[in-house]
Amino acid sequence: METQVNTLNVDRNQEGYLTDFSQWNKEVGEQIAKEEGIEMTPRHWEVINWIQEQVKADKALSIRGIKKSGVLDIKEFYALFPGGPLKISTKIAGVPKPKSCI
Amino acid sequence: MSTTKVKKMLFILSKATIENVYAAFIMANGARMEGIEAEIFFTFFGLEAVQKKKLNNLHVATVGNPAMHIPTMVGGLPGMEAIATRMMKKEMEKLDMPPVDEFLEILSASGVKLWGCKLAVDMFHLEEKDLIDDMDGILTIGDFYNRADQDGTQMLFV
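Just so you know, the protein sequences line up as chains Y and P, in that order.
All residue numbers for the first sequence refer to this note's numbering, where the first residue is 34 and numbers rise by one.
All residue numbers for the second sequence refer to this note's numbering, where the first residue is 109 and numbers rise by one.
FYI, nobody ran anything at the bench for these hints, they're computed from the structure.
Remember, predicted model here, so these are calculated numbers, not experimental data.
Heads up, a few of these hints could be off.
What the hints assert, rightly or not - Using 35 angstroms as the maximum straight-line C-alpha spacing, the simulated DSBU-like pairs for lysine-lysine come out as follows:
| # | chain 1 | residue 1 | chain 2 | residue 2 |
| --- | --- | --- | --- | --- |
| 1 | Y | Lys108 | P | Lys161 |
| 2 | P | Lys161 | P | Lys113 |
| 3 | Y | Lys89 | P | Lys237 |
| 4 | P | Lys226 | Y | Lys89 |
| 5 | Y | Lys130 | P | Lys113 |
| 6 | P | Lys123 | Y | Lys132 |
| 7 | P | Lys237 | Y | Lys67 |
| 8 | P | Lys115 | Y | Lys100 |
Stated by the list, open to error - What follows is a list of derived Cβ distance ranges for each label pair:
| # | chain 1 | residue 1 | chain 2 | residue 2 | range |
| --- | --- | --- | --- | --- | --- |
| 9 | Y | Gln56 | P | Lys198 | 38 to 46 angstroms |
| 10 | P | Val182 | Y | Thr52 | 45 to 53 angstroms |
| 11 | Y | Thr52 | P | Ala256 | 33 to 41 angstroms |
| 12 | P | Lys202 | Y | Asp106 | 21 to 29 angstroms |
| 13 | Y | Gln56 | P | Ala131 | 36 to 44 angstroms |
| 14 | P | Lys198 | Y | Asn58 | 37 to 45 angstroms |
| 15 | P | Val182 | Y | Ser55 | 50 to 58 angstroms |
| 16 | P | Gly245 | Y | Gly70 | 42 to 50 angstroms |
| 17 | Y | Pro75 | P | Pro207 | 43 to 51 angstroms |
Backbone N, C-alpha and C fix where the C-beta goes; we use that ideal spot for every residue, glycine too.
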């Protein structure tokens, strides 16, 4: 995983989250997704874009927020990003890991 | 991917006080968010949390709960439970914690399996129609033990 981090040439914290969003681009997102075993589809990008908008608007991300989003439901969220959707999608989106327990 | 050795969490919820129900729900949801499987077995009073008619009227225990920091006799006065419950619900809403019915929807959509305890369902003369539609079924405790079908499974009694 570490070598891929280096080839990306972006700053990431211990858990693999970008520390500076300005370094993010689609290629970076694609690469992080690959580390997580996810093949990105247009639907994945729609969700990633939505997450980035939420963070830009200073809105806290949570599973409950996904339910209310109108963009996708929780079932689809888990299907798109299996194994911890909020954690993984935010990592791909280049935004900080959400602190919410819900 | 997550580095945790825990792969599956099995919760037994036996109480219907808000603090216990939310503890189980938050832990189950938190497990799913970390990529850990989670299932809840509702038994005895825990079944109130999945009874359509009762689930949105759960209360905080004001008696026998030293953390309330009020004398036990005061906690037993009429209306105290309702006041304490209202206060706690307000605080939870501030933290964007969903009410019980919505929380159950979230859990089910997140892949948390919800089981009713056969013995308790029989004891309280309940039928499947009394329970929420998202229930995955009614099990005996033996069936539930068999859900612990992989290494890294943990079982927790709430």
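Right, here's what the structure says about each hint:
1. Pair hint lysine 108 of chain Y plus lysine 161 of chain P holds up; C-alpha atoms about 26 angstroms apart against a cutoff of 35 angstroms.
2. The straight-line distance between the Cα atoms of lysine 161 of chain P and lysine 113 of chain P is roughly 38 angstroms, outside the 35 angstroms bound, and the hint therefore fails.
3. With a C-alpha separation of about 45 angstroms, the suggested pairing of lysine 89 of chain Y with lysine 237 of chain P is violated against the 35 angstroms cut-off.
4. Between lysine 226 of chain P and lysine 89 of chain Y the CA atoms are separated by roughly 49 angstroms; this puts the pair beyond 35 angstroms, and the hint is violated.
5. The suggested pairing of lysine 130 of chain Y with lysine 113 of chain P holds, with an alpha-carbon distance near 21 angstroms, which does not exceed 35 angstroms.
6. Pair hint lysine 123 of chain P plus lysine 132 of chain Y holds up; C-alpha atoms about 28 angstroms apart against a cutoff of 35 angstroms.
7. Note on lysine 237 of chain P and lysine 67 of chain Y: the hinted pairing is violated, with a Cα-Cα distance of about 45 angstroms set against a maximum of 35 angstroms.
8. With a C-alpha separation of about 25 angstroms, the suggested pair lysine 115 of chain P and lysine 100 of chain Y falls inside the 35 angstroms cut-off, and the hint holds.
9. Between glutamine 56 of chain Y and lysine 198 of chain P the beta carbons are some 41 angstroms apart, a value that agrees with the proposed interval 38 to 46 angstroms.
10. Between valine 182 of chain P and threonine 52 of chain Y the beta carbons are some 51 angstroms apart, a value that agrees with the proposed interval 45 to 53 angstroms.
11. Separated by about 40 angstroms at the C-beta atoms, threonine 52 of chain Y and alanine 256 of chain P satisfy the suggested range of 33 to 41 angstroms.
12. Our hint of 21 to 29 angstroms for lysine 202 of chain P and aspartate 106 of chain Y holds, since their Cβ atoms are close to 25 angstroms apart.
13. Range check, glutamine 56 of chain Y to alanine 131 of chain P: about 39 angstroms between beta-carbon atoms, so the 36 to 44 angstroms window is met.
14. Between lysine 198 of chain P and asparagine 58 of chain Y the beta carbons are some 43 angstroms apart, a value that agrees with the proposed interval 37 to 45 angstroms.
15. Distance hint check for valine 182 of chain P and serine 55 of chain Y: the Cβ-Cβ separation is about 57 angstroms, which falls inside the suggested range of 50 to 58 angstroms.
16. With their beta carbons about 31 angstroms apart, glycine 245 of chain P and glycine 70 of chain Y fall outside the hinted range of 42 to 50 angstroms.
17. Taking 43 to 51 angstroms as the suggested C-beta distance range, the pair proline 75 of chain Y and proline 207 of chain P does not conform, at roughly 35 angstroms.
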